[in-house]
Amino acid sequence: MKRFISIFILVMITIFITGCMGTKEELDKLGVAVAIGYDITSEGKYMLTAQILNPQKDPSGGMMGKKAGSQQKATDVVVFNAIGDSISDCKGQLSTKLGKELNYGHIDFVVVGKSLAESGIAMVLDAVSRGYKMRPDIPLLVTKGNAFDIIRATSVQEKVPANEISNLLRLQSGFGFTNIVSILDFANSLSSKTKSPVIGVVNLSKNTDADETFEVAGTAVFKKDKLIGFMDMKETRGMQWIDGKVKFGYITTLSRDEGKTTFEIISSSSKIKPSIKTDSYTMLINVKEESNIGEMTGKLDPMKDPEIMNKLEISQENVITNEIKLAVNVAQKKYYADIFGFGEMIHRDYPKEWTNIEGQWKDIFPNLNIEIKVISSLKRPGFISKPIE
Amino acid sequence: MLKSIKKIFSLSEDKSKNQAIDHKNIEEEYKKMKVSNRLEENRKNIDNIFDKCTDLIIREFKITSNAKFSAILVYIDNMIETTIFEESIITRLINEKVEYPYPPNSKEYSQYILGIGDNNIFKDLSKVVDSILDGKVVLFVDGIDEAIIIDINNPPGRDVEEPKSETVLRGPREGFTESIGSNITLLRKKIKSINLKMEEFRIGRDTKTKVIIVYLSNIVNPKIVNEVKERINKIDIDSVLESNYIKEYIGDEPTSNFPTVYSTEKPDVIAGKLLGGRVAILTDGTPLVLTVPALFIEFFLNNEDYYLKFIAATFNRWIRYIAFAISTSLPGFYVAITTFHSELIPTTLIVTLIKSRSGVPYPALVECFLMLVAYELLREAGIRMPRALGQAISVVGALVLGQAAVEAGLASTAMVIVISLTALSSFALPSTDMSLAITYPRIIFLVLGGTLGLVGLTCGMIILFLRLTSLRSYGIPYLSPMAPMQRKNLSDIFIRGPLLTKFKKSWVIKRKNTTRG
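First to last, the protein sequences are chains D and C.
So for the first sequence, this note's numbering puts the first residue at -3; every next one is plus one.
So for the second sequence, this note's numbering puts the first residue at 943; every next one is plus one.
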């Protein structure tokens, strides 16, 4: 009898101590947010915009077909926004409009408006990383306008517009036209004293039939946590060559003999090595790239003469080198920002010298020597060899 | 006032007490009586004992048709084979045998003309009465103080047919019947060895059921046999109607939910287990045969695995393990995840889950519980349904529980899928004992998962494992060969190794190494 009572007490104690009591909530009473945007208003208050899942029960029957001609698109989300004194205060203000508890577990990305980015993004980061509810590996994005517009826009293809943006992001990370940075990565690069963080950019663009679609292209450059400028697509790709992140895409070359040739990128990798030569620092950038021939005009037949392949490779290397030079130029001359992390690499390889020059990195970086070496190899010309006249 | 109520009830009790006392007196008396010399006295005793038993038949005749030699045959109608009775016994006794060495009114005459051994000739009346109740024919001869017992038993019974609860895809389809004689014979047909030993017991004061234990003496551990015999001898109950009555006395853990005694209706399964060193217990009147000792893993293995090729058999075995895991933990897991840990669900799935749950007025835990109760009702009703109604009601059951409940907003579609998966997997196990034993952990996991989340569910699983490892069946740990790990025997658990590669291995239950697992 004693044993039974003691076991019973043990079980009761364990039950009441452990357990996931705090997070209990029914599925349909959750306000599951799929995308969140932060803005700053002209009075200096913060605005939070949230895209919340609101799935409609599918009516059994042909009701969806009748709406094909109407303007309204069927969506599964509802957009709410609220204004408050701080980021977390906005969430409290949101409760006056939304009757559900905001749930951060399914957020696909966070968008920050341009004005908020220019005045400093550190507060957003703090609010987002401190709570244990938001995943730290979701991408952080900046827009040239208001985050409010991005979150509010509906999409043609998807019922949940946030899915479309996350699809874009997933595809773009291989193409190299934008840099996908997660909240954790951004916080890490903020903590470094010399590296300038970059963030991907999302905009609304007008389609031919006046529908708004999303466009994910370019990068935003930050100094500490304030936005200083944007880089366009070509410059971004140059930066991605240096990081070795370009996995798909096309390179076009133009020349007199071979006409306009387009190469299809298969893979690429890069190695960066800093070297010190008597008080001047050089960064050696080695980029290796593999590609196939995408399309050709002109009269040359690559299968006949292997020399032609070599020539094509050389022209490809030139194009890549130009893109990289563009990116380095922008970083060095226009923004004076070390977006590639060269400082950190020198710190890793030459720690003793780094302690001397760390304070003056801002002045050293714009005058840094960059040596670019690109090795590209052309793999296959495809099914046909001679371009069709 | 209470006393008057008591009196009303006690009156009827008193009457039955009187009757019981009368009966007890008669029973005690005739136990001490002996077969008497005189036929009339024997007949009177039999009439007294079998008072008001109209199916008892007493036939008078004269041996060798001589008026001096009277004899009676006593038997119970319908228990004997009447053609043999008429042709062999009565004809032999009535016809005159010329030049027979023994005189017709001696014991030896009747004994040797019918071919009865000495152990079937009794002097005690109690043994005679037991034989009559057993369905044998008793011969009383005037002038002999012993009774001769003739066994031509043929009670009504079922033919050997395929057991309905254990069907196989490939393999023998014989099943045990209710008659213990034919069951023993079915076993003898499978194992033709002199080491197949059978020992008989009689259990139950009123039913006097015949219980036989069977084992292979060159393989089994004699300690287990002795333990079984000891436990059977200690049973002291009124009646044994089914082998489950014995199971609760013989089995090692009567309070546990999980079975420690294996039962089956097929002779080839029992033959396999006998060869694996187990002891089989057959009970008269039921086709279910018990096997002892039984381990946890046996309820997942099936003899059919040996009738298929080894890759297919291994795949089937793994499906059964997965079915066990699903059947116990899926409802609790689903409720825990949708209530507490919605971050674990992929976003596209959450959209459909919110849609399906958005009309239901009560929380997921209550909904799951109600659907489990409804499923158990359906199952119980389906067992007893008359076949004419069966088809219609199964359709209605599916419609009611599935579509209509969802459309009325009483259940969500995802929950219906969860419950039907659970139900299906509980039937994937080959042993009905185990599938019925699973319902109890399933409900506990549901409650734990719904109130404490995944943490509670994991705690529940740990407690279940601890409980399972602490059980023992006849001294052997319940979860061997996994729990005290025996590497050599593990290969038969996870895969069903090809028979060619089975080297000699030993098993804790057997004495010697043999090639069979």
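It cannot be assumed that every hint is accurate.
[As the list claims (entries may be wrong)] Chain D regions said to be covered by chain C (calculated; three or more residues, Cβ under 8 Å): (1) 93 to 104; (2) 134 to 145.
[Stated by the list, open to error] Over the 10 Å line for every Cβ pair with chain C, so calculated as not near, a few chain D residues: (3) Gln89; (4) Asn159; (5) Gly240; (6) Ser263; (7) Asp297; (8) Ile310; (9) Ile366.
In case anyone wonders, no lab produced these hints; they're calculated from the structure.
Positions of the beta carbon are idealized from the N, C-alpha and C atoms, including for glycine.
Hint check:
1. 93 to 104: holds (count 4)
2. 134 to 145: violated (count 0)
3. Gln89: holds (24 Å)
4. Asn159: About 8 Å separates Asn159 of chain D from the closest Cβ of chain C, which leaves it inside 10 Å; violated.
5. Gly240: The claim stands: Gly240 of chain D keeps its Cβ more than 10 Å from every Cβ of chain C (closest is about 30 Å).
6. Ser263: Non-interface label stands for Ser263 of chain D: nearest chain C Cβ at 29 Å, farther than 10 Å.
7. Asp297: Its Cβ never comes within 10 Å of chain C, the nearest being 49 Å, so this holds.
8. Ile310: Fine: 47 Å to the nearest Cβ keeps Ile310 of chain D off the interface.
9. Ile366: holds (42 Å)
When the structure is compared with the earlier hints, violations turn up for hints 2, 4 and for no others.
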